[in-house]
Structure formats: C-alpha cells, structure tokens
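Just so we're aligned, residue 159 is where the sequence shown starts under our numbering, counting upward by one.
Check before you lean on any hint, since a few could be wrong.
Stated by the list, open to error - SDA-like, lysine to any residue: derived pairs with alpha carbons at most 20 Å apart:
| # | residue 1 | residue 2 |
| --- | --- | --- |
| 1 | 559 | 535 |
| 2 | 221 | 169 |
| 3 | 169 | 598 |
Calculated directly from the structure, the hints in this document are not laboratory data.
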Amino acid sequence: MPRVRAWLSSKILTYCLLLGLLVTGGYFYLFPGSLALLEGRTDVVMSDGTDSMSQSFGYDMLKDLWQNNPSRFFYGAIYYDGADPEKGTALWYPLSDRWLGLLASYVFPVEQVSTAYVYALIVLNGLCMFLLCSYLGWARAVGFALSFAWAVNCYVRARAKVHTAMVGIYHLPLIFLGVLLVVRGRSWRSLLAAMVALLLAGTTAHYYLVTCVFMSPLFVIFALVQPGVRARWKKVLLRFTLAVLPLIGLLAANFYFVVPPYAKITSEESKSYGVGEADVSIFQMVYAARPIDYLGGDIALQNAQSEINPLRALVNRHILANLGDGGNPHERTNGIRWTILILSLAAFGFLISGRIQERVTRNNLIFFLFFGFFGFWLSLAPDVPAVGFSPSYWLYHLFPKIRVPARAGIMVHFGLLMVTGFFLAEPSLRRWKKVLVFPGVLFLLLLADYPPLEEMPMAKVAPAYSALHRSHGPCGVGMIFPFVSASLTWKLGMYYTVQRMRGSDCPSLNAWGDSAKIVRLEAIFPPTSEFIKTLSSSSLTADTVERLVRCTPLNWLVFLDGTPVDWAGALCQRLGWSFSSDLVCVAPVRNKKLERQPDQCL
Numbered sequence: 159m160p161r162v163r164a165w166l167s168s169k170i171l172t173y174c175l176l177l178g179l180l181v182t183g184g185y186f187y188l189f190p191g192s193l194a195l196l197e198g199r200t201d202v203v204m205s206d207g208t209d210s211m212s213q214s215f216g217y218d219m220l221k222d223l224w225q226n227n228p229s230r231f232f233y234g235a236i237y238y239d240g241a242d243p244e245k246g247t248a249l250w251y252p253l254s255d256r257w258l259g260l261l262a263s264y265v266f267p268v269e270q271v272s273t274a275y276v277y278a279l280i281v282l283n284g285l286c287m288f289l290l291c292s293y294l295g296w297a298r299a300v301g302f303a304l305s306f307a308w309a310v311n312c313y314v315r316a317r318a319k320v321h322t323a324m325v326g327i328y329h330l331p332l333i334f335l336g337v338l339l340v341v342r343g344r345s346w347r348s349l350l351a352a353m354v355a356l357l358l359a360g361t362t363a364h365y366y367l368v369t370c371v372f373m374s375p376l377f378v379i380f381a382l383v384q385p386g387v388r389a390r391w392k393k394v395l396l397r398f399t400l401a402v403l404p405l406i407g408l409l410a411a412n413f414y415f416v417v418p419p420y421a422k423i424t425s426e427e428s429k430s431y432g433v434g435e436a437d438v439s440i441f442q443m444v445y446a447a448r449p450i451d452y453l454g455g456d457i458a459l460q461n462a463q464s465e466i467n468p469l470r471a472l473v474n475r476h477i478l479a480n481l482g483d484g485g486n487p488h489e490r491t492n493g494i495r496w497t498i499l500i501l502s503l504a505a506f507g508f509l510i511s512g513r514i515q516e517r518v519t520r521n522n523l524i525f526f527l528f529f530g531f532f533g534f535w536l537s538l539a540p541d542v543p544a545v546g547f548s549p550s551y552w553l554y555h556l557f558p559k560i561r562v563p564a565r566a567g568i569m570v571h572f573g574l575l576m577v578t579g580f581f582l583a584e585p586s587l588r589r590w591k592k593v594l595v596f597p598g599v600l601f602l603l604l605l606a607d608y609p610p611l612e613e614m615p616m617a618k619v620a621p622a623y624s625a626l627h628r629s630h631g632p633c634g635v636g637m638i639f640p641f642v643s644a645s646l647t648w649k650l651g652m653y654y655t656v657q658r659m660r661g662s663d664c665p666s667l668n669a670w671g672d673s674a675k676i677v678r679l680e681a682i683f684p685p686t687s688e689f690i691k692t693l694s695s696s697s698l699t700a701d702t703v704e705r706l707v708r709c710t711p712l713n714w715l716v717f718l719d720g721t722p723v724d725w726a727g728a729l730c731q732r733l734g735w736s737f738s739s740d741l742v743c744v745a746p747v748r749n750k751k752l753e754r755q756p757d758q759c760l
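Put together the whole structure using the sequences plus the hints.
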C-alpha cells in the first residue's frame, strides 16, 4: 500500500506540474488575450479582425440552442433556424468546439469564449502529447519539453488569431497513443484506453479528421513496425478492429444523422463532397507551403522586428515579402523550433551512419522521418512534382473543402517532435544527449528558441444590435442593407455584421441562400462604399427598398456603417418603423413571416 500511495502521489505531482506549466505558458503566449479573458472584457477579443470576429454570435447561438433545443447538439451538424429564413442552416461545429464552447459560455462573457476555447485546446494539446511520451517510457523531462513544444508553437498561435478550432492538434498524439495501446497492450484495460483515445481524437476539427482519414494507411504502417506485431497479428487485428469501432460509429453517425428530421435543410444540402469544380483549386496554389516556411517564426503575427534569432528574422522577412498573389501570413505559418530541427537532423545523421543499434528505435525513427516527409509533401502545391502526382491534388479531389495544403504542415512538426523523442530515448546516450535529458534543460532550450515576445493581436468588438435582441420577443425576417452575403462580402458580412447580431436570433436574407439569388440581389443593392455614397441623392433606391420590405414582407433593416443617417431615418419613417442610433430600423410588430422571395418582389 505505501508503494501504491507513493506511485499515485508521484503521478498527481507530475500532472499538477505539467498543468501548471501549460496554463502558465498558455497565458504568456496568448497575452493580452489571456488577460482580457480573465478580466471578462466585452469590448475586445483576441483576433486579427477576420474570421474569429463572428464567433461571439456563434457561441451565443450555441448557448441559446442548448437552453431551448439541446437535442440538436447530438447531430453531425447543429441545425439553427434563426439565420436563413427559408431553410435554416446546418453549422458543422467540431465536437470539441460545441461542447467546450458551450461550457465556457457559462463561465465567461460570450465575447471571450473563443479565447477560453483556444486556451483549453492548448492545455489539451500538451496533456495528450505527454500521455504519449509517458506511454513510450521517455524521460519525464523530455516529455514535459515536447508536450510544451506541441502545446504552443508558431502554427498554434497563427490559428489562435483566426481559425480557433484548428488550435486543437491533440488528435495526432491521441491517434498514435491509441495504436500503441492496441499493439503493445494485452489486457482489456489497454483496449478500452485505446478506444477512448481514438474516440477523443474524433472530436477535433473536421479538416484534421478528413486529412487523417486520407493518411490512415500510415497509421497502419506504424502499427506494423512495432515489435511482436507479426507474431500475433490475428490478435492485434482483432484488438485494432474493436478499438476503432467507437470512432467509426461516431463519424458514421455524424455523417448520416446530420440534422434533425424536422429540419428544413436536408443533410445533402449541408454537405460538400465529390470532385471539385476545377482540376486544381486556386487556393491550393496560393495557400500551399514552401520549404522555407518550416524555418520561419511567428510570421502570422508579423514579428520580423521582435524575432531574437537574426537568421530566422531574415527568413521571416523573406516569407512576408513573397507571400504570392493573394496569400496571407497565417496560412504560411509552419515554423518549427530550430532546436527540434537540429536534433532531428542529428537523429537522421546517427541513423544513416548506423550508430543507432536498437531495432525498435531505428524502426520508429525511420517511420516518423517518413511521416514528416509525407506531411511535408502533402503541404506543398498540387503540382509537386506534377499535377496529378501529388497527395494534395488527390486529397482535394476526394474532399474539395480540403483545399489549403499548408495546413498539413502540422504533421511535419509532429513527426520531428517524435523523431527528437525517440532519438533522446535511444539507449546509448552520449554526454551531450544526457545533458538534454536532465530536468529543465531541453524545456529551457525550447523556450529560449521561441519565447512569447510577440503579443497576440486584439480586435475591438462592435456593440450588439440591442433593438434586435431576443429579449424583445419574436423576430421576423429582415435584411442588412445594402445586401451583404456571407459568400461574396466576407469582410462586412461575416467579420463585422454577424458579430453585432449576437444576442439575436433574427433570420436574415443576407446570411445564406443560393448563389444565383445573391447575384441578382447584389446587382440591385451592391455592397460597396461607392453605392452607399449615392444613397442621399437616390429616391429610386428608397422606393425599391420600401417595395421589397412591404412585398416580402420584412420586419427590420440594419444599415451598414457609412449609410447616410438622414437617408436611413427618412426611409424608416416612410415605413412607420422605429429608428435607433446604431442604424437599425424595426417594425412595431416584428413577427410577419416571409411570404415571397425577394427576387419575386423586385
């Protein structure tokens, strides 16, 4: 019993230390977003001002649905009928996003939920990586260091400011942990643990799930190179089949039971799969990684000035100056700590020189070097070496939404972290390797290699449209004027206006809809600053809007910033509606249902 208590105390202390390290590291790497989170700010959010700006609306919607329609959380997509007045919409929130986001919405203001979600994912990344390192029997100091490197890196911080769900890279260590539990374990407990690990991996972002399905043959190869598998392949096959069944069941249920049977949108309408329209997407070319990206730093944070490594600063400036037509920094952020690159290069040198005698270590080094190489190839453009002969080309043709090859770069990072771990765990340790295994040494090297000098970007949160808040009762269909579609005017439609709709469940003609209708409506109400400037002298436009409002009928109008206040107020007065200072015009009774489509009235 004393031995058991000592073992348990050691485990508890280990994970408390690791948790403290990850929470502290996450605070400094997310600062000042982490400070805004703790202060409960409602006026700013950690974001570059683009995609993640609309998430406050999404998390507000999740909380409202959980309180009124909790069963919708258990379908593949979350059906929401408070956006598109015709069919509603199916929102493909990853399982981690919907549940962690929902939990955070009861603790933090909705404007800070996205930051809380990122923070939780960083901690989860590190914990899952440490579980894998511990199962492999690596030194605790190595496990701490590699878990820290996996939890916070350039790729993670680039995603934290724009695509928050993609911060969750915990799936890769969980997949490999699950495979190891299958092939090395002999008991039902290890099989159950493998089931849980693989099932939790299935809660990550759909983008990663699809990519991992594409790369699934590599996971099978990893199992085959483990010792003793061939001698007991029948039992391993049975255990592997049982271990993946819960994951397959989860993915199948999410795919076939997308929305509730009463939803107006169909499952097929919510999906997008099959061969893409073009042989090669322009996104695949613009947002493909280049080899130099893996030497860069926080280019997504534009850190050319704060980079302490002068050579990496040169690399950063080169990447930023050569992003290509339409490229952006966060899709090209794949920089790996140079300490990891150097140790991986040393491992490769030891391997090819025959100085690593341990067969298990040698096989795993070869595998993860190949895994990293394949991830690197997958991250490149679809014409490397030629169109039709690259993995990114075939992945896009199988799943056209997977059209940003550079996102596969995180697999390169994971592969090299595993190479480093196996290399340092190799039995014939040399003097310099022993120093790295000493507690704190490798961690401090990784911290010094990539310190949190560059602050995360913060964006101002626009106030919500109070006149449309759900507390005012039922909300009928309205329109954001000039017509702003989510598909054609991202900056206004998704980044700015949608965040101001938080607290509201008013269906809007602008939110979704078929592209042909959007084109027709935007021909009448083009969402441009030039068009807005002409409104004061245009009675024809006011007549058209009034006809549309009365014909459909509509219940509210939101005028974009820049719309002449006098013109908007006069139009609102013609309608007999109330006009607020934030350019919102609302009918006295706002529960009229949509009777005609807008293009029928125009």
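Each hint tested on the structure:
Among the hinted pairs, residue 559 with residue 535 is consistent with the structure: their alpha-carbon atoms are about 19 Å apart, no more than 20 Å. Straight-line distance between C-alpha atoms of residue 221 and residue 169 comes to about 36 Å, which puts the hinted pair past the 20 Å bound. Using a Cα cut-off of 20 Å, the hinted pair residue 169 and residue 598 holds, with the two alpha carbons roughly 18 Å apart.
This entry does not satisfy hint 2, going by the numbered hints stated previously; all others are met.
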